[in-house]
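Input sequences plus hints: build the corresponding full structure.
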Amino acid sequence: MTGLPATEIIKFNTCTDSISVPHILRNSGFNTASPERRKARRHYFDTFEWQAFSRGLVIQSEGRTISINALSTGRTVATASFPSTSACFGSEYFPLGNFSTLLSKISPLRAFCRVASFEVEVHSLRVLDHDEKTIGIVTDESIGSIASDKKGPYVHILTLTPFRGYSEEMAHVRKALQGEMPESVSLENSGLFRTLMHESGKEPGDYSSKISLKLDSQAPVHESALRLLRFTTEVMRRNEEGIRKSIDTEFLHDYRVSLRRARSIFAQLKGVFDPQTANRFRKELKGLAGRTSKLRDLDVYLLQQHKFSATLPPALRGGLIPFFASITSARQKIHRQLKRYLASEDYRKFMSEWEEFLSVTILPDAQNAPVASTATGKSASAAIRKSWKRLLRNGRLVSRETTDEELHELRIDCKKLRYLMEFFASLFPTDKTGAAVRHLKKLQENLGEFVDCSVQLKFLHEQLDAAARNGCDPSLAASLGGLMTRLYEQQEETRSIFHNIFRSFDSDRAAILFEEMLTDKK
Amino acid sequence: MKTIALYSIKGGVGKTAAAVNLSYLSALNAPPCLICDLDPQGASSYYFRITASKKYDSDKFLKGNKKIHRNIKATDFENLDLLPSDFSYRNLDIELSEEKKPQKKLKKNLESLSDDYSHVFFDCPPNLTLLSESVFSASDIILVPMIPTTLSIRTYNQLIDFFTANNLDRSKIRAFFTMVEKRKAMHREILAEYGTAPGFLRQTIPYNSEVEKMGVYRAPLTAVKPNSIASKAYRGLFEELMAESGL
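As given, the protein sequences belong to chains C and Z, one line each in that order. Residue numbers are given in the numbering used here: position 393 of the first sequence equals residue 393, and the series is strictly consecutive. Position in the second sequence (from 1) plus 1000 gives the number in the numbering used here.
To be clear, the hints were calculated from the coordinates, so they are not data collected in a lab. Keep in mind that a hint or two might mislead.
The calculated lysine-lysine pairs, modelled on BS3-like cross-linking and capped at a C-alpha distance of 27 Å, are [as the list claims (entries may be wrong)]: (1) C:Lys-333 / C:Lys-349; (2) C:Lys-175 / Z:Lys-1055; (3) C:Lys-175 / Z:Lys-1054; (4) C:Lys-270 / C:Lys-378; (5) Z:Lys-1010 / Z:Lys-1054.
It should be emphasised that the depicted structure is a prediction, and the values quoted were computed from it without experimental measurement.
Here you go:
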């Protein structure tokens, strides 16, 4: 008989909950010992975008212990003590070590929140051979709802865990148990996890801010644009709660990206919507984006706290403490404002009008929106080509001095092209878009870093000015000065390599990639 | 991975009892731990209720790494595994002599375990053979249990002479007294003479009938009777060993 893998889960039909494992095993010549019974609440955790799950991991707590387990085998990878009942935490919640390192690898930015909770009743015992040697453990688990009014467990499972070197013997145990319960089926650990998530109304991996729409290249572009707008709006909606509760910074980030995408659709697909309506919504969306930008800026500083501190010599780090404390309190205030706005009648009204607009699928009047009925594929190619050519044209105009303004403008051109390519990715062969995007990405990274540095420099300069007006603390001034020096160096470095990076984007090879992508529609 | 051999030329001095109890304490305090039963009599395997699988023999042992890995079994105690011995081990010496570098064989065969265990204990058969030499080279510490009798002292000196004659590292050797009965004059005299000698551990293991009962418990005494006199002594020995040898 072949041995059992490290952990074997046998799932039983819930109607057979009156099985007696010791009894069945005794009849097959196995004794049992050290029975243990416990009742506990088990919580599962993951980030909003299921980053643990997508890496094949499951985070669960039971009692005062939290563990990260492999989804496929159930094997524990790391554990930590978890004395609190917190519903959300980040890696910094745990002392430095294996567990916190793994958490930050799963997601450096996102918070891990409770996704589902269950009442678990566990009955475990050791299985002994004729020598009274333990050969493995059988765990009998009933997992049910935490709501007391629900009857019966969701699943009733037996888990067989052979001790090292005893998988063959435990295979006999499995045979004995399965012989008594013909309706039982073997269950993968991942299958159990999915069942449990399903029971609590959760769909692992159901959120990503990435555009995953499959567009129809023959459909009128108006229809496709509406689908894209509905998608981005759905992402905004799903992130509202996380923004309100300030769970982590990425809710706002995804919300803002969706907003920018929506605005970009209006800006780049001209003649698809009635201009009057389009202009109105563009303006409104811009206003909404404006309301969120201050909060995002402060988030970015707070996220860089460690990095900023590490770039300074230890003697200058102290000055940053009051600096970040003031950013934290400013953030609180601004977050309250945004939260109020999201709960306001204005916001509710705007969103309902916006969603109403998205639900009307009738093509607009051809006079007002002349290209609304053009095939999506044709429109997409034209828009991408136009945007790409504009980026090349403007990039070639960047002077040797590479002024801040030139690079700022070019970054926006880059973003526009990137968005278009994301919107319409499903219309082009994946290998071609992938390669073209990689080229664009390099350029975007260079420009992004440059602009971030210059925005931060400006912000720090303002802080320094404000500090000077309020009777400046010299240690703060020194720290800010130190930071500004480092940022300036970084900015100049990205500026100095811009032309090289742009040349590679503007190469024949990259041009061939873009051309191939645009002509090679699916 | 640190390796500790329980070794003595003489039989019946408490090698197995020490290997079983010390490995259990090691699994508890510095996990994980492996105990390798090298004695064809398989006493430490018996104490843990483990028998080698039918396919396992000295041949597999000499093949090393993968074959060894596959035949390690978990004891009933957390973080403590055991590589059982097989009766075929009685021929290990003959088989070793046919190998290219028999003295280095054991060390080489256990290389792949170095990431799996922090401590490995060898429970060695009595005698001074090629297998013993292989154990000497594979061990960081050679722990020699001795009953305080003149015959024990004689075999201890034989061991020291062997190390000197063969240019082996004598500093690996640590002796300690077992089955000590203070009421016996000879025990007292030998303890007085050697108790503080260099290379001798201070902690002694008293004669205790509980140790003999391990054959009934079939488990480490330190696990089933942690408060017995002998268990306390083993704990003292373990701590002294850890502290003194930097294990």
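Outcome of the hint check:
no., hint, result
1, C:Lys-333 / C:Lys-349, "holds (24 Å)"
2, C:Lys-175 / Z:Lys-1055, "holds (23 Å)"
3, C:Lys-175 / Z:Lys-1054, "holds (21 Å)"
4, C:Lys-270 / C:Lys-378, "holds (14 Å)"
5, Z:Lys-1010 / Z:Lys-1054, "violated (30 Å)"
In summary, the one numbered hint that this structure violates is 5.
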